[in-house]
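Visitor: Protein sequence lines, in the order shown, are assigned to chains A and B.
Per the working numbering, residue 1 is the first one in the first sequence, and the count goes up by one each step.
Per the working numbering, residue 885 is the first one in the second sequence, and the count goes up by one each step.
There may be inaccurate statements among the hints.
[To be verified] Per the computed footprint, the stretches of chain A lying under chain B, defined by three or more beta-carbons under 8 Å from a beta-carbon of chain B, are:
#, stretch
1, 109-122
2, 134-147
3, 205-213
4, 602-612
5, 848-857
[Said to hold, decoys possible] Label-pair distances were calculated between CB atoms; the ranges are:
#, chain 1, residue 1, chain 2, residue 2, range
6, A, Asp-27, B, Arg-994, 43 to 51 Å
7, B, Thr-1050, A, Gln-342, 50 to 58 Å
8, B, Ala-984, A, Arg-144, 48 to 56 Å
These are computed hints drawn from the structure, not numbers from a lab.
All values derive from a computational prediction rather than experimental measurement.
Even for Gly, the Cβ is constructed at its ideal location relative to N, Cα and C.
So you can see what is in the structure, the chains are spelled out below.
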Amino acid sequence: MTTAAGRAAPAGYAPGPGGYDEMVAPDGSIRPAWHPLGQTLAGMDLRDMRRYRAEASRLLADDGVTYHTPGTGERRNWQLDPLPMMISAEDWAVIESGVVQRAELLNLVLSDLYGPQRLLRDGLLPPRLVLGHPGFLRELHGQRVRGDHQLFTYAVDLVRDVTGTPVVLSDRTQAPSGAAYALQNRVVTSRIFAQLHRASHVQRLAPYFRALRKGLQEVAPEGATLPRTVLLTPGSRNETAFEHAFLAARLGVSMVEGTDLTVEDGRVWLRSLGHLEPVDVILRRLDQEWCDPLELRAGSLIGVPGLVQAVRTRTVSVVNTLGSGVLENPALQAFLPRIAQQLLGQPLRLPGVRTLWCGQTEPRREVMADLSRWVLKPIARVAGRGNSILCEQLDEPQLRRLRAQVLADPSGWVAQEPLRPASAPTLTVDGVQPRRTVLRAFAVADGQGYTVMPGGLTRVADDETIMIANHRGAVSKDTWVLAGRPERLTGFWMDPLVPSVEARESGMPARAAENLFWLGRYAERAEGVVRLLREIDDRRTEFSDTPPPGQTTTSTDRATIGAACIRALLQAVTQVTTTYPGFTGPGSEARLADPEQELDMIAGNDRRPGTLAHAIRQLLDCVDSVRDQLSGDTWLVVTDLQRRVMATEQNGGSAPRRRSDDRVGSALSDSARILHGLLAIQGLAAENMVRDAGWHFMDAGRRLERSLQIVALLRATTTHVRDTPADSLVLESVLRVDESIITYRRRYRSHAQVDTVLDLLLLDPHNPRSLTYQLERLAEDLRQLPGHPGPGRIAPTERAVLEASTALRVADTTMLADRTDGALRPDLDEFLAHLYGLLVRAGDDLGELYFTHQLRQRQMATAVSRPAALEQRPVVPPGPGGPR
Amino acid sequence: MTFRVTHTTAYTYESQVSASFGEAHLLPREMPGQRVHSAELVIDPQPEESAEHTDYFGNRTSYFALRSPHRALTVTATSVVEVTGRGPSGQLLADQPWEAVRDALAAAERADGTPPDPETLAATSYALASPQVGRSMAAAAYAVPSFRPGRPVLEAVEHLSHRINTDFSFRPGATAVGTPVEQVLSRRAGVCQDFAHLTIAACRSMGLAARYVSGYLETDPPPGRPKLQGADVSHAWASVFIPRAGWVDIDPTNDQLVSDRYVTVGWGRDYGDVAPLKGVIFTDGETRGLKVSVDVRRLPPAGAMVQQQTAAAPAQPGAPRQTQQQQQQQRIQPSTGEGW
């Protein structure tokens, strides 16, 4: 149903002459695969396009799709151009068979290099290219994973050159990233162009992920029935942390960090809740040298000591195999055509970019004759930054320096011919414009052969540059491979032709449980601080016509009462947040007189524990580390909170502030916005989360933290005796902060008094904000955790909680309120202090039982060869190194 | 000669260590000219796990893991090793110019579809920069005077070793594990490891293949004094590849070719490949003490052992011919037992 409108290029879309454009042929007509999209574009104006762009950003943000800046770990939103890249079925067939061939070939090379090394013996590869490459791990020589496929997942970056031929730019063989981003791009793009997507018969990505699941089963060590798989991540600050969590959740495997694993009895175990669970397969997303501080990189704190030994005993399969990084040497490209002929008896189906290895005399001469024509790359890729040097952009001195660098170590460099990648239509602020693109295609060994993802991750240069990489802020595109005929619909998990592969549910790492517990605690803490700060602001506004709180007089007029109340609340906020000295102790009078700065600190300083900003920062860190445990709506809600915090930061520098900047003119204050996000988390946890162990840890954290907050607030306010009018103002504030003011008014119909406030906030089992209520819920959570001895019995973690409950039950609030000693209520103070101590103990006991307590990892001290007598002196070992 | 070697490493820790994972290169390997009659590793406290494998370079590598809390760790390696027929064979080594060796190694890198000489191919690993012996312009500059055009390779290497011995002072504490060759060069001081690394760096800069050898040297007590238990140290030297002759071990610290007084544990590209003991521990405190003692004791030649001497070099296809030579006159000064 293509009309003429779809056959001509959109107005203003003009690919430069001499290049290849994916959509528009040289004669100005639109290529067939692009007809439907061309038609859609023809019907859009600039406003529509901007709307599509905004919609894509919103959908990605909703799903929390992020990419972290390498090095700093700063979170950035994933960039997606909503216009998909179109690839016809015929074009795809060429790419797919080329990718399979290349994966098969590289698999043979990998098997050989870690085995007989025939390629070196037969003079097909220069030995130094392999033996001198840091990706070649001698420790793993002779080790194989089960099956023929030693190269498990594989990704290749392809560009179309000026003739339209797909050309290989580089290979990724260590822990290729991008597959989950590709799937995410599909989710968003197919929502934005729903109709177009339905009409276009786009091949689904699901088979790739199914093959990945199947491959993970197939590669498990011999004898592992129902193998247990984990995904090993460097941590939540890694560039592609989103992808790790996304993949783990989709594959139904646990996402673990190095410290979650331990090697014992010759095999790898997951430190789960209070026990160890065996691990059979590790899907590695950690660069190989960081995986084992014992045998690989000594300083690595993110690896698993003994992992290489476990691989050696064949009790665990690590994929991609440790050592597969040797294939990422770009110099291999120069030798692959001949190796293909030798090993496969065929030429390469996908040509590689012309590559010259400077370690050989003739090629080096050619490169040096005119360095400026080439792109130079070191043979050892440094992760997370640009490795390609586009020589035409260098000035004379820079070229001279580079030349000297290359000549000093020629075998460490390759030169590649610069390509001019084909352009594809991209939505920019100025409408649809041609932009250069690179396609990352993915393949996985599924046990029989390689399955290629029909599609992939297309990345778009953000300007005219030919360098395209995510760390340079590239935008991505969904890639639509058109089916020859309408596709059979298959779900993600099912394939009628393949019997379902059974996987064992992986246990929860103790670290994840700990993070969920703290997620609950920090969410509650943040909420408590927001409420207290808001109450202070409200009171200050209410009494803004009165003199500052420092200047009290003896009269009991409204102003003085207000000042006394504000003073009490300020001191309380210091005590509850433990941001001493603050409004207490020496020097506090000046701050009480002008509290603005101190209050801003309590709201916005994310380095000081106790502040709002610190709690939120920690909360988001917890969320990041347990992303795979959270699903669907939880993700949506925490992402919403993330967005609110980020928006707040963008409004004016550092962290959350107490009020919105007037310049922004937002009706909501920042704190209200954040409170909103926090409440959404609470509501969701109450209503929509499955009540599994993870939920109980999170809820236990919330209950414990709220209990601590109640006790701290009461201790800071009710243990002081004030004039009745001031006291009732303070108590009213306390009730408001604890969200109990309405209940109180309904029940007591009087101004607030200490004994009734204590009754409502401490004892009332029906008030969902009371301490008694929190403790009941906390005890219930503890009973639901794994390892509980059963009904009628008390777990060690429950003891302190039960003790606190009992103390509450027998407490006489009237007596506690009435016994005064000068300006203090000593019995009440002592009682609250006792409760606080029990609550702290409850938290410690929980951590003791369930969370892992690793001592610091260090390197064994090394002896320097020197006369024995000198060894008597103590030797201080080198501190642990590593990136974090 | 037969030696009993005892190498003890004892750690004491400030606070409890919850787990230790260790890797040791402490058990001597069998090789032409060296027979290992016994070798064992004793770890105290007893590790939950221990295993042995042969590494990429053919060395015996021990793995152990302790998971019970401990505050001290002692690793003791004891071996009885018989060394015979080590040392150079003059007529084989004398005349190859060093450039010929360089060119043979370069030829193995050609990858023009013709299989390189297997022995030379095996040596190429040791011609490349390695983690602790990187490419060094300074080392290259230092090497040049010894490598005059056309000079026989062994003569050039001996010359280099002699210069290092003369130009550098042996000073424990001047360097640490992992001190780069550049620093050793600028300080003009170091220990045996540093001199071995410098020799290796210099040879590699000239296009030769050189490896790091870890082992022990029998020392003599100072004149008139009894030999003290544990007064020896672990030692290190370099070995240089010479096509058709194999590997020639040279000790720049003592400016001599390696003889029957040297016990070899293993070799690699540099210290990092054959560190006697390395590991990962989990503790919140510091390591309070590290005490290493080595004892190399010559055993009286028992009748049985004398008989074994003739069979000392296991017949291996392609074994370097140097080892098939009869024990020859040592042209080395006896070691003084101090200052090396």
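Visitor: Now tell me if each hint is right for this structure.
Guide: Here is what the structure says about each hint:
For the stretch 109-122 of chain A, the proposed coverage by chain B is satisfied: 3 residues have a C-beta within less than 8 Å of a C-beta in that chain, meeting the threshold of three. Coverage of the stretch 134-147 of chain A by chain B holds in this model, with 3 residues showing a Cβ closer than 8 Å to a Cβ of that chain against a need of three. Counting residues of the stretch 205-213 of chain A whose beta carbon lies closer than 8 Å to any beta carbon of chain B gives 0, which falls short of the minimum of three for the stated coverage. A count of 0 residues in the stretch 602-612 of chain A with a Cβ less than 8 Å from any Cβ of chain B is obtained; the coverage claim is therefore unmet, three being the minimum.
Closer than 8 Å: that is the beta-carbon criterion, and the stretch 848-857 of chain A has 4 residues meeting it against chain B, so the requirement of 3 holds. Distance hint check: the CB atoms of Asp-27/A and Arg-994/B are about 49 Å apart, consistent with the given range 43 to 51 Å. At roughly 51 Å, the beta-carbon separation of Thr-1050/B and Gln-342/A lies within the given 50 to 58 Å, and the hint holds. Separation of Ala-984/B from Arg-144/A is about 39 Å and departs from the stated range, judged on CB atoms against 48 to 56 Å.
Checked against the numbered hints given earlier, the structure breaks hints 3, 4 and 8 and satisfies all the rest.
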